[in-house]
Amino acid sequence: DGGITQSPKYLFRKEGQNVTLSCEQNLNHDAMYWYRQDPGQGLRLIYYSQIVNDFQKGDIAEGYSVSREKKESFPLTVTSAQKNPTAFYLCASITQGAVGELFFGEGSRLTVL
Amino acid sequence: SQELEQSPQSLIVQEGKNLTINCTSSKTLYGLYWYKQKYGEGLIFLMMLQKGGEEKSHEKITAKLDEKKQQSSLHITASQPSHAGIYLCGADPLQGAQKLVFGQGTRLTINP
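These protein sequence lines are chains A and B, in that order.
Here this note's numbering is used: the first residue of the first sequence is 113, the next is one more, and so on.
Here this note's numbering is used: the first residue of the second sequence is 19, the next is one more, and so on.
Just so you know, these hints were derived from the structure itself, not from any lab.
Please note that a few of the clues may not be correct.
Stated by the list, open to error - Subject to a maximum C-alpha distance of 30 Å in a straight line, what follows is the list of computed DSBU-like cross-link-like pairs (lysine-lysine):
id : chain 1 : residue 1 : chain 2 : residue 2
1  : A       : 121       : B       : 117
2  : A       : 195       : B       : 117
3  : A       : 169       : B       : 35
4  : A       : 169       : A       : 183
5  : A       : 126       : A       : 169
Unchecked claim - Which chain A residues stay away from chain B? Per the calculated CB distances, all over 12 Å, these:
id : residue
6  : 121
7  : 153
8  : 196
Every residue gets a Cβ at the ideal spot worked out from N, C-alpha and C, and that includes glycine.
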């Protein structure tokens, strides 16, 4: 079945460590997105990519980095520069130019100890 | 920048009761999307509204977009435990860029 797979679902890290969250889709979608969700807040856009080898910053890109070397993969690295990394991270995708639903992964919960 | 305000932030209703969730935008909406999220999981698309006055229904959930395209409501009729979760509205501020901005969500609890 087609879909978006995020891993790991739960991740713990110590302060000062970088961590990479995986996002893989087999929907043949062009555009992919990373959102952050905090309790009582909506989703905030971190980075997005509309084509391979190209990506743009969202509203809260500081302390994060991404790559888009393959169409199906869009990993997110949470660096030690991110002040408050503990959050729920969601990856999404859509066919370029489509007007409609974003498809979301199941999310990754990162906790910094 | 466009902002979406949802109300109420949380809602507890008795099973079988009707309920309404509102989403108000600071700017004209070119596309309004409703999603549902189960606790600790990803979002599932419910409906999209684009035209002023548009109304869509799916099973017991009805979403409306007002004529001025700045407010949307989500109405659930005869609520069931399966309706519990977080409902989020999203909007596309750049009309087609799919860089959705989201409201803060409404947490719905259904009591048996």
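Hint check, failures only: Violated hints: 3, 6, 7; rest satisfied.
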